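K.L.:
For the protein sequence lines, the chains are A and B, in the order given.
Just add 11 to wherever you are in the first sequence, counting from 1, and you've got the working numbering.
Just add 418 to wherever you are in the second sequence, counting from 1, and you've got the working numbering.
Because the hints were derived from the structure by calculation, they are not lab data.
Since this is a predicted model, take the numbers as computed values, not measurements.
Beta carbons are placed, not taken as given, at the ideal position from N, Cα and C, and that holds for glycine.
Treat the hints with care, since some could be wrong.
To be verified - Far from chain B by the CB rule (all over 12 Å, computed), these chain A residues:
hint, residue
1, Glu231
2, Gly263
3, Pro557
Unchecked claim - With a straight-line cut-off of 25 Å between C-alpha atoms, the simulated DSS-like cross-links for lysine-lysine are:
hint, chain 1, residue 1, chain 2, residue 2
4, A, Lys537, A, Lys386
5, B, Lys430, A, Lys188
6, A, Lys522, A, Lys386
7, B, Lys458, A, Lys188
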Amino acid sequence: MKKTGAEIMWECVVREGVEVVFGYPGGANMPIYDAMLSYPIHHVLVRHEQGGAHMADGYARASGKVGMAMGTSGPGATNLVTGIATAMMDSVPVVFVTGQVAAHLIGGDAFQEVDVTGITLPITKHNYLVTRADQIAEVVREAFYIARSGRPGPVLIDICKNAQVEQCEFVYPETVKLPGYQPVAHAQKDMLDHAVKLIEKAQRPIILCGHGVLASKAEEILMNFAVKTQTPVASTLLGLGAFPASHDLSLGMMGMHGEVHTNLAIQNSDLILAFGMRFDDRVTGTLKTYAPRAKKIHIEIDPSEVHKNVAVDVPLVGDLKTVLTDLVPLVDEYDHDEWLKEIRDWKAEADARSIMNWPNDDKLYVPHLIADIWKATGGNAIMTTDVGQHQMWTAQYYALDKPNRWLTSGGAGTMGFGLPSAIGAWFAHKDQEIWAIAGDGGFQMTAAELTTAVQENANVKVAIMNNSFLGMVRQWQEFFFEKRYSAVNMLSPDFVKLAEAHGVPARRVTKREEIDEAIAWARSIKGPTVIEFRVEQEDAVYPMVPAGAALDQMLQRPLKESGN
Amino acid sequence: MLYTFIALVENKPGVLNRVASLFRRRNFNIESLAVGRTEKPDISRMTVVVDCPNGDYDAHKIEANLYKLVNVIDVQDVTHQPSVTRDLALIKVMVGPEKRAEVNSLAEIFRARIVDVAADSVIVEITGTEDKIEGMIELLRPTGIIEMVRTGQVSMTRGVNDGVRRVQQGAVGNRYENEYEDMAEMAP
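Given only the sequences and the hints, what does the whole structure look like? Please build it.
P.N.:
Below you can see the structure in the form of structure tokens.
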């Protein structure tokens with residue numbers, strides 16, 4: 012049966028289970044958009060391709076499926092770049108399809124021609140330039156397979172306009188042939204034995220749980236391992252939710268803005284079990300003094316992450332869930348009561364400084380606000396964020412018990428991620444409550460997507476933490492540049508009017524006693540809402556490990572002068 | 419120290435660019451890179467010589483990163499393996515009829531060949547290891563080298579032994595051969 016290249020693309024995309032695509036049409040992808048009308052695809056017209064990329068990313072993170080975004084050639088494709096890099100850094104499976112000028116025009120600087128495969132080469136797991144219709148079936152099949160398998164990541168397909176229009180025989184490829192791509196599942200047996208020996212000897216072990224736990228869907232086996240060996244679990248920013256925050260063995264977040272007792276536990280441990288995490292500089296502090304007495308076992312699917320930042324004693328390369336399933340029967344039951352008590356004592360000491368114990372001083376602090384949203388939503392909402400102070404506070408105070416509800420740009424640190432990723436997540440879970448926690452800076456980067464939310468009636472609750480500053484940069488300037496504020500004072504539009512102009516009901520909150528009612532109001536509305544919170548302008552995120560300092564050299568929140 | 423890797427890659431457009439781009443992105447310095455076909459039409463073979471200031475630590479990094487490229491099928495490190503290594507150079511030397519015999523006898527000593535003779539110049543073709551070619555260049559330099567081109571190093575292990583594979587496609591994950599206990603000291 013002969014079909015056009017565009018039809019073949021949709022035939023394959025539909026077979027991959029895609030139901031929703033976020034995109035923007037243009038000259039070079041019009042045949043794809045025309046063919047789309049005949050297929051069961053819901054297309055979301057975004058307002059900027061970056062928003063579309065983040066929506067597909069948010070959809071993928073929330074659903075565990077592959078997301079899909081599209082753009083036309085030239086600027087359409089370059090606008091996707093930030094979103095592609097965001098997905099790459101956080102290993103999120105998204106397939107991007109861009110239109111390209113006709114094959115015979117390539118290299119001639121044709122209208123809206125940009126070397127998209129060249130630009131995206133270092134920020135995709137793999138990419139393709141398709142010049143003929145008969146390549147499309149195989150390429151789409153491979154792209155989805157590569158995006159979701161192994162260490163997931165974004166794959167881009169750049170399809171020349173002629174290839175979209177030309178006809179050829181459509182045969183769906185039942186298998187993929189990729190001799191150079193064979194993700195590993197099981198770790199080596201002798202390495203497992205070495206790991207078991209280290210676990211047996213450990214008195215002060217700690218698990219570092221990363222995004223890989225979620226990517227591998229290994230939450231349950233992680234719980235088995237942690238409980239069986241009585242090993243406490245610290246989490247990276249992206250690993251939050253993989254291990255329930257309310258569990259006795261949970262230590263919460265580690266790293267630059269991690270909990271004091273968690274970082275102390277890492278530094279004082281004698282065995283680190285790194286599960287699907289990559290020892291990013293934001294979680295290690297300076298490597299010279301990182302966990303100096305700890306042996307290290309690293310379970311990781313990507314061999315290039317092993318020994319990259321931290322040399323480990325036992326690398327277990329494989330799929331985390333598979334490796335842990337192999338490992339759990341080999342280890343004995345242990346108890347580490349003394350070690351756990353030591354950590355609890357550190358926690359008690361640090362908690363005395365917690366802002367949660369502050370008496371009401373009429374100011375609006377983001378930590379209080381996040382805790383209030385947590386209470387109102389029962390800790391069950393899907394939370395998305397931009398990047399900066401509000402992101403760290405949300406990570407600290409929205410304690411998650413369930414996986415895939417925490418959508419934040421970790422590796423790339425992309426501002427403007429919050430609103431579009433929330434819209435994407437809504438398409439994955441229309442029955443769930445979704446909150447986008449945004450900063451005043453980040454929100455303005457992708458605020459145009461409010462209209463997209465209205466057009467789709469996406470039920471997302473936006474909470475803007477407006478401190479009239481680029482807060483995190485301001486905090487660094489306060490701490491490390493002697494309070495010389497440079498380019499951080501930010502004038503914002505009237506967010507309430509802005510939202511209302513988009514057709515979104517909005518409110519402003521300036522006092523603590525107004526919080527609960529505003530949250531209840533937002534939750535009572537079906538459809539997008541915006542609440543602007545005028546928060547304390549110069550609060551800082553604590554604890555903080557200054558860049559380049561040792562992990563246990565944390566700046567802690569000063570004790571409140573008037574309070575206790 | 420210079421390490422030599424052999425990579426088998428799919429013979430597809432853009433693969434050389436992917437490899438070169440990877441080395442640039444990960445901040446590795448390529449000394450030499452030679453690509454050519456193999457006995458299988460769908461597979462190309464690269465010999466890459468890379469500076470590895472941190473020794474095996476860098477070598478592991480390079481191998482593991484090469485495997486992240488979907489088109490890379492196999493990577494071996496042949497640095498410490500008995501192997502045959504060749505580089506080919508064409509050297510055009512400024513030489514008139516009166517000194518041609520001198521260049522000719524020099525070429526004979528190096529088992530090089532004169533492959534072109536013009537009124538005022540000859541082209542010398544030499545094949546061999548890097549050292550041998552460097553030696554000949556040094557001796558020809560006083561005569562006057564007009565231009566020179568080299569292919570870059572190609573390598574093949576002797577006998578049936580392969581090079582070292584720290585990382586393996588699909589089968590084994592990652593290790594330094596029996597050295598895992600020393601790893602903690604190897605970080606840069």
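K.L.:
Does Lys188 of chain A lie within 25 Å of Lys458 of chain B when you go C-alpha to C-alpha?
P.N.:
16 Å, holds
K.L.:
Mind checking the alpha carbons of Lys430 of chain B and Lys188 of chain A for me, to see if they're no more than 25 Å apart?
P.N.:
14 Å, holds
K.L.:
Are all beta-carbon distances from Pro557 of chain A to chain B longer than 12 Å?
P.N.:
22 Å, holds
K.L.:
Would you mind confirming whether the straight-line C-alpha gap from Lys537 of chain A to Lys386 of chain A stays at or under 25 Å?
P.N.:
20 Å, holds
K.L.:
Can we trust that Gly263 of chain A is non-interface, i.e. its beta-carbon lies farther than 12 Å from all of chain B?
P.N.:
Nearest chain B Cβ is 27 Å from Gly263 of chain A, so the label holds.
K.L.:
Does Lys386 of chain A lie within 25 Å of Lys522 of chain A when you go C-alpha to C-alpha?
P.N.:
Answer holds: Lys522 of chain A to Lys386 of chain A is near 18 Å, not above 25 Å.
K.L.:
Per the stated criterion, does the least C-beta distance between Glu231 of chain A and chain B lie above 12 Å, as a non-interface residue requires?
P.N.:
Holds: least Cβ distance 23 Å, greater than 12 Å.
In this structure, every one of the numbered hints holds.
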